[in-house]
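Between the sequences and the hints, there should be enough to build the whole structure, so can you do that?
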Amino acid sequence: MDSSGLKEDIFYSSSWMQEILEISNIGLWLLEINKNNTDVRLYADDKMLELLGLQKSLSLEDNYKHFAQGVLAEDLEIVQKYIEQMLTTKRLVEVQYRWKHPWWGTIFIRCSGKLYKEDDNAYYIRGYHQNASDVEVLRQANIEKSRQLIEVVRKRDYYDELFQSVLCGIVQYRPQADGSIVFQNANMEAIRIFGYEKEEFWKRKSWRIEDLAAPEDCDRVYQSMNAILLGKGKQSFEYRALRADGTYCWIIGSGEYIKNIDGERVIQSVFLDIDNRKQMELLNQELLEQDKGTQELLRQVLEGTKIFHFYYYPQKRLEVMPVRTSKYFNCSMEYRNIPESFVEDFVSGESKADCYAMYEAIHNGAKTASSTFCDKNKQCWVRVTMTVMSWDDQQQPTFVIGIIEDISEQKGMELEKIELQSIYNFTIEHDYDAVCICDLNSGDYVMRFAGYCAHYGLPLRGSINEQLPVFIKEFVCEEDCEHLKSWSIDSLLKCLEQEEAVMLYFRSSAKDGYRYKEVKLSYFGKLKERLLLTMRDIHERTMQEEANKQIISDAYQLALQANQAKSEFFSKMSHDIRTPMNAIMGLAALAAHCDDKDHVDDYLKKIVTSGKHMLELLNEVLDMSKIESGKTELNSEAFLLKEKVEEALDIIKPAVEEKRHQLIVETEALKNITVLGDALRLQQILLNLLSNAVKYTPDEGVVKLTVTVKPLPHDLAVFDFIVEDNGIGMEQSFIERIFEPFIRAEDSRVSKIQGTGLGMTISLNLAKLMNGSIDVESCVGKGSKITASVCLKVQRQNGVAVEYEQPAGDNENAADIDYSGKRVLVVEDNAINLEIALEFLKLLGLTCESAGDGAEALEKFLAAPEGYYDLIFMDIQMPTMNGYEAARAIRAASRSDAVRIPIIAITANAFSEDVKMALAAGMNAHIAKPFELRLLKKIIRQWLK
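The sequence shown lines up with residues 1 to 945 when you count with UniProt numbering.
No lab work stands behind these hints, which were simulated from the structure alone.
In this text, a Cβ means the ideal position worked out from N, Cα and C, and glycines have one as well.
Be a bit skeptical, because a hint or two may be false.
[As the list claims (entries may be wrong)] Using 27 Å as the maximum straight-line C-alpha spacing, the simulated DSS-like pairs for lysine-lysine come out as follows:
| no. | residue 1 | residue 2 |
| --- | --- | --- |
| 1 | Lys81 | Lys35 |
| 2 | Lys653 | Lys785 |
| 3 | Lys822 | Lys945 |
| 4 | Lys327 | Lys306 |
| 5 | Lys644 | Lys793 |
| 6 | Lys916 | Lys937 |
| 7 | Lys81 | Lys100 |
| 8 | Lys653 | Lys597 |
| 9 | Lys90 | Lys35 |
| 10 | Lys612 | Lys695 |
| 11 | Lys234 | Lys205 |
| 12 | Lys605 | Lys659 |
| 13 | Lys644 | Lys704 |
| 14 | Lys35 | Lys65 |
[Unchecked claim] Restraint-style ranges between C-beta atoms, simulated for each label pair:
| no. | residue 1 | residue 2 | range |
| --- | --- | --- | --- |
| 15 | Arg660 | Lys597 | 23 to 29 Å |
| 16 | Pro865 | Lys938 | 27 to 33 Å |
| 17 | Asp601 | Gln732 | 45 to 51 Å |
| 18 | Glu540 | Ala357 | 47 to 53 Å |
| 19 | Ser332 | Thr305 | 20 to 26 Å |
Given below as structure tokens:
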């Protein structure tokens with residue numbers, strides 16, 4: 001076969017090429033790209049279909065779509081640019097990318113192609129598609145090995161650099177069988193410590209321990225190396241290394257087996273040059289021995305004195321107190337965080353700033369500094385002196401010795417001088433006549449007088465015993481001389497054993513005007529060796545005290561009189577209460593045993609009279625109690641003034657008729673004027689005046705009531721109630737005291753007349769509450785004229801006084817009303833009071849039911865049909881639920897009659913605030929116990945219309 005034929009068989013045989021493509025995992029393809037649209041068609045041979053994961057060809061368009069969808073998103077742009085390059089350059093273009101094979105997963109593709117031909121409708125590109133995953137894996141493995149090799153080299157270089165740069169010596173060596181050692185490695189610091197140059201050190205191949213350590217230390221080095229060889233782990237050492245020049249260098253370190261960077265097992269020793277530090281330690285040890293001797297010498301020198309020492313290390317902020325110093329001052333033996341810890345523990349508050357300044361001076365470069373302060377632990381004065389003994393290279397102090405002196409005695413003398421002078425200055429400047437210090441040991445004194453005081457020739461210094469008689473003669477009046485002479489120094493000192501001070505009082509001599517003086521003696525200082533004497537003028541104070549004593553005496557007499565009056569009052573009250581009480585009990589007993597109706601009626605009438613009198617007594621005592629406590633309050637309501645006056649006259653008429661008096665009434669000025677005020681209290685004033693006139697006027701006398709009106713601006717008017725009689729009259733002395741509580745005239749003609757002596761006091765206070773007053777005119781044997789003036793507001797409409805309209809059903813003279821069918825609930829916990837109320841109501845024709853407390857009343861009201869009860873009488877103080885609570889609960893009930901049913905308080909709580917509380921709780925009216933049938937009828941007539 002010729003050469004041309006052979007070439008054709010080798011290079012152009014289709015079967016041979018097909019085998020090559022099969023073995024190389026290469027598939028052939030052709031792309032048809034439509035110029036008119038974006039359609040792309042893919043022709044593929046069998047190998048290409050296998051590389052695409054297809055068992056058979058799809059449509060040409062789907063072949064391309066299948067290929068395009070397999071390209072990883074990150075590589076899609078690379079493939080697009082690859083196709084564009086083939087179209088624009090018309091040259092062979094190669095690209096590598098990743099493709100997601102449906103069977104094999106992600107594979108690496110090497111692809112190459114070229115524009116094959118072009119016509120009017122399309123481009124035709126052909127090329128090959130090779131699975132290059134094995135090649136890529138190999139390439140990545142080679143890259144990783146290269147990287148690891150580079151890292152090994154880098155680490156070796158880093159190790160060598162680190163090995164040489166550390167500040168400690170490092171050697172690695174192998175012990176030999178003959179006891180020598182061979183160094184495998186050594187850094188420059190180790191070579192320097194041994195005293196060699198690098199070339200000189202490595203020139204020597206074998207070493208012995210004797211070449212490297214001081215003879216005295218060789219055994220210890222051998223022991224350490226042998227312990228490592230025996231597997232006892234890391235060994236520490238400290239010894240003197242033998243240097244090349246024969247000198248020694250102290251080193252400290254450790255040795256152990258390791259594997260070097262080449263994986264060989266060697267002994268590695270790491271050590272530091274501590275020669276300077278060791279030499280300093282040895283020097284310090286010598287100095288310490290010397291210091292101990294110095295301290296002992298210092299201790300012996302200071303022993304028996306009050307001088308102590310301590311050590312201060314400024315750079316450590318440490319202060320050390322020797323045992324003797326710590327024990328004496330009761331302080332710590334060591335203070336850290338100086339100066340704060342020492343100052344806070346040792347120094348009293350007012351001295352801290354000075355002590356801080358001493359430390360600051362030392363820190364700022366002063367060689368010595370001192371401070372004086374009070375030690376707060378031992379309470380003594382000390383002087384501290386600090387001296388710097390050594391400095392560092394920057395001239396900062398490193399060691400300071402301090403001396404502490406206990407200067408309490410010296411300071412005490414200084415303070416005593418200052419204190420003495422201060423006492424002199426204080427006493428002289430604060431109105432003291434003189435101050436004197438007496439020395440009990442020497443018997444001498446020192447004395448100073450204020451500038452305004454004469455000392456009458458008395459020496460300012462001298463003997464106590466010699467000059468004491470002179471002092472008494474010149475300064476003390478004759479009447480008080482004997483008293484002062486009875487006092488001796490010894491007797492005064494005995495008194496001072498029991499008391500802190502002794503006080504003496506006398507009057508000065510005639511030449512000083514007999515003024516009152518005070519002398520005070522007390523010990524000066526803790527040792528009780530001196531007396532402090534001060535003298536001052538107390539004349540004005542004494543005179544004031546005398547005046548005060550007189551005032552107190554007078555007040556005491558008044559108090560005695562008041563107590564006497566009160567005692568008399570209680571005595572009379574006892575008499576006045578027991579008298580009607582005796583009448584009530586006696587008459588009741590008589591009525592129980594009497595069958596004569598006329599006598600029984602008379603007994604009952606007298607029982608009612610006696611009961612009314614007892615009620616009057618109780619009301620007046622209670623009123624007085626409220627007036628004295630300032631708790632009296634007035635109500636404000638509209639009422640017909642003339643009607644209230646007539647009611648008062650109706651009440652007093654029985655007493656007038658009993659004594660056969662002539663009663664003259666002039667009230668035309670009142671007409672039908674309606675006023676705002678407290679009708680009950682106004683009646684109380686008027687009844688008291690009329691009652692007194694009736695009681696203190698003998699039988700068949702004349703009592704006259706006149707009422708006048710004086711209009712004022714702003715719808716106000718002054719009403720004068722003038723009560724005149726021709727009775728026994730009053731002494732002027734009694735008129736002056738008529739308004740004092742518990743006062744009654746000392747007159748045998750009135751001693752049997754019942755009364756508390758409080759009526760006029762109460763009336764005056766009530767009149768004052770109404771912006772009024774009471775004036776008294778009287779003449780013994782001729783009678784009295786008493787005028788009560790009150791200021792009331794007149795109700796007006798369009799400038800005309802409003803006439804009072806009497807409420808329907810409020811006329812007592814109206815015909816009796818038929819209450820049949822009306823049901824009343826009486827709430828009362830007291831059985832007798834309940835019986836009285838029920839019987840009174842039954843007399844009026846009412847149907848009654850009862851409840852024992854508020855809770856039962858509420859229960860009955862809620863259980864009854866609406867409108868079942870027409871009226872409720874409610875007691876206040878009851879168990880379980882009181883009257884206020886019951887009234888509120890009834891008003892809060894969810895039924896129509898709960899709001900409109902009248903609830904009347906019927907209680908022994910009779911004050912005006914009790915009325916207000918009843919109304920506030922939802923009640924409609926208030927009746928005070930004991931009540932009269934007349935008042936009960938009036939209330940029922942008003943609320944059961």
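Structure-based check of all given hints:
At most 27 Å may separate the alpha-carbon atoms for a hinted pair to count; lysine 81 and lysine 35 meet this at roughly 17 Å. With a C-alpha separation of about 19 Å, the suggested pair lysine 653 and lysine 785 falls inside the 27 Å cut-off, and the hint holds. Taken as a hint, the lysine 822 and lysine 945 pair is honoured in the structure, with Cα atoms around 11 Å apart against an allowance of 27 Å. Between the alpha carbons of lysine 327 and lysine 306 the distance comes to roughly 12 Å, so the proposed pair stays at or under 27 Å and holds.
Only pairs whose Cα atoms come within 27 Å are accepted, and lysine 644 paired with lysine 793 is accepted, the gap being roughly 16 Å. Restraint check for lysine 916 and lysine 937: the C-alpha separation of about 22 Å stays at or below 27 Å, so the hint holds. At roughly 19 Å between alpha-carbon atoms, lysine 81 and lysine 100 fall within 27 Å of each other, so this suggested pair holds. Restraint check for lysine 653 and lysine 597: the C-alpha separation of about 26 Å stays at or below 27 Å, so the hint holds.
At roughly 16 Å between alpha-carbon atoms, lysine 90 and lysine 35 fall within 27 Å of each other, so this suggested pair holds. Of the pairs offered as hints, the one joining lysine 612 and lysine 695 holds, with about 16 Å between alpha carbons and a cut-off of 27 Å not exceeded. A threshold of 27 Å between alpha carbons decides the hint, and for lysine 234 with lysine 205 the separation of about 26 Å falls inside it, so the pair holds. For the hint pairing lysine 605 with lysine 659, the CA-to-CA distance comes to about 17 Å; that is within 27 Å, so the pair holds.
With a C-alpha separation of about 17 Å, the suggested pairing of lysine 644 with lysine 704 holds against the 27 Å cut-off. For the proposed pair lysine 35 and lysine 65, the alpha carbon gap of about 18 Å is at most 27 Å, so the pair holds. Roughly 27 Å separates the CB atoms of arginine 660 and lysine 597, a value that falls within the hinted 23 to 29 Å. The beta-carbon spacing between proline 865 and lysine 938, approximately 29 Å, falls within the hinted interval of 27 to 33 Å.
For the pair aspartate 601 and glutamine 732, the beta carbons lie near 46 Å from each other, so the given range of 45 to 51 Å is met. For glutamate 540 and alanine 357, the hinted distance range of 47 to 53 Å is satisfied, since their beta carbons lie about 51 Å from each other. Against the hinted window of 20 to 26 Å, the Cβ-Cβ separation of serine 332 and threonine 305 comes to about 22 Å, which satisfies the hint.
Going through the hint list in order, the structure satisfies each hint without exception.
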